[in-house]
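S.K.: Sequence:
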Amino acid sequence: MILLTLLGCLRGPVDHLTTQRVVPAALRVPDVDRVCRTGGALGYALVAVPRRTPHEALVIADTTAALCDEESARALELEALLHRREGRIEAVRDAMEAGRRVRRRAALRHASAFAHTTARWDWIGESCGRVKRDDQLTFLVGLMAGTLAMLDDKATGSEVGVPLDTLARVGRAARCVDSATWWEVPATFEAAAWTLVPGDAPEGVDPWDAIQEAARKGSAGGVRLGWALVAVLASNAGREAIVRTALAESEASFASTPAPADWALLDAFAHDLLQHEADMLGIREQGYRPAGLTLPEPSP
432 MILLTLLGCL RGPVDHLTTQ RVVPAALRVP DVDRVCRTGG ALGYALVAVP
482 RRTPHEALVI ADTTAALCDE ESARALELEA LLHRREGRIE AVRDAMEAGR
532 RVRRRAALRH ASAFAHTTAR WDWIGESCGR VKRDDQLTFL VGLMAGTLAM
582 LDDKATGSEV GVPLDTLARV GRAARCVDSA TWWEVPATFE AAAWTLVPGD
632 APEGVDPWDA IQEAARKGSA GGVRLGWALV AVLASNAGRE AIVRTALAES
682 EASFASTPAP ADWALLDAFA HDLLQHEADM LGIREQGYRP AGLTLPEPSP
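Here the working numbering is used: position 31 in the sequence shown is 462, and no number is missing along the way.
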């Protein structure tokens, strides 16, 4: 109620206040669970009060709210895998259906975040307009939301109906900000689209080599989101060797290089994604979750 009252008094400046004050503070908190719950509450307040839709603020609110769903879905996937090892078929089906429902909610929230991104920057996917320096992090979060919306929807059997051109639009939009400034995260998004859209990569460019190179450069600066995306995409594509590379290189980076302050939340999210892939491999091969991100190489 206090939040609603404050936002109601501010009206016009809500978007500016949220993106310039609230967003930077939230992204410095390396606690995904805490921030995702805040995102759900903030999203309701933002929709309920302003006269003008605060698109930038809602990009962050919807994306962070979806992180709670991502966490729940990952837990259910691990639960299903453990039940499968024990031969409990009914429990496997139940956990998989529960996970599908949560993934659907995550896809809806990420899709909403991407819709707010494209409403704010309506040239996305068509050309490159100007993104002010102070808005570029929000812009990149919106592109991440578009990518995750597509992946989550795919996991539900495309029940949500995220447009098939979403990844191509994300890839083109990623070229509109300087990749080196943002630890090669934009280059990672662009290469991610290449791995999923056949024939989209430039001639002579291997999409998997390109995305790993971008992730490697980013992790040298303490940003592991690229490796997390590599691991998820490679797992979905059945490329276990690349998953293991992503886990090993990101674990070394976590041990040696702290994340930039403004990237703490997204780096924590990246760690959660990477840990999930390590847990999935560990349970499949050994029946339990590993202590870290890497596992012994499988026996020949």
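I should point out that these hints are in silico values taken from the structure, not numbers from a laboratory. Mixed in with the good hints there might be a few duds.
Said to hold, decoys possible - Ranges of calculated distance between the beta carbons of each label pair, as one might list FRET restraints:
{"hint": "1", "residue 1": "Gln717", "residue 2": "Lys563", "range": "42 to 50 Å"}
{"hint": "2", "residue 1": "Ala611", "residue 2": "Asp553", "range": "34 to 42 Å"}
{"hint": "3", "residue 1": "Glu528", "residue 2": "Asp565", "range": "39 to 47 Å"}
{"hint": "4", "residue 1": "Lys563", "residue 2": "Ala692", "range": "34 to 42 Å"}
{"hint": "5", "residue 1": "Arg516", "residue 2": "Asp553", "range": "43 to 51 Å"}
{"hint": "6", "residue 1": "Gln717", "residue 2": "Pro594", "range": "18 to 26 Å"}
{"hint": "7", "residue 1": "Gly592", "residue 2": "Ala668", "range": "17 to 25 Å"}
Quick caveat, the model's predicted, so the values are computed rather than measured. Even glycine gets a Cβ: it sits at the ideal position worked out from N, Cα and C.
S.K.: Confirm or reject each hint.
M.R.: Here is how each hint holds up against the structure:
The beta-carbon spacing between Gln717 and Lys563, approximately 49 Å, falls within the hinted interval of 42 to 50 Å. The supplied range of 34 to 42 Å is broken by Ala611 and Asp553, whose beta-carbon atoms lie about 26 Å from each other. Between Glu528 and Asp565 the beta carbons are some 43 Å apart, a value that agrees with the proposed interval 39 to 47 Å. Separation of Lys563 from Ala692 is about 20 Å and departs from the stated range, judged on CB atoms against 34 to 42 Å.
Checking the proposed 43 to 51 Å range against Arg516 and Asp553 shows it holds: the Cβ atoms sit about 49 Å from each other. Remark: the range hint 18 to 26 Å for Gln717 to Pro594 is contradicted by a beta-carbon distance near 40 Å. For Gly592 and Ala668, the Cβ-Cβ distance of about 22 Å falls inside the hinted range of 17 to 25 Å, so the restraint holds.
When the structure is compared with the earlier hints, violations turn up for hints 2, 4, 6 and for no others.
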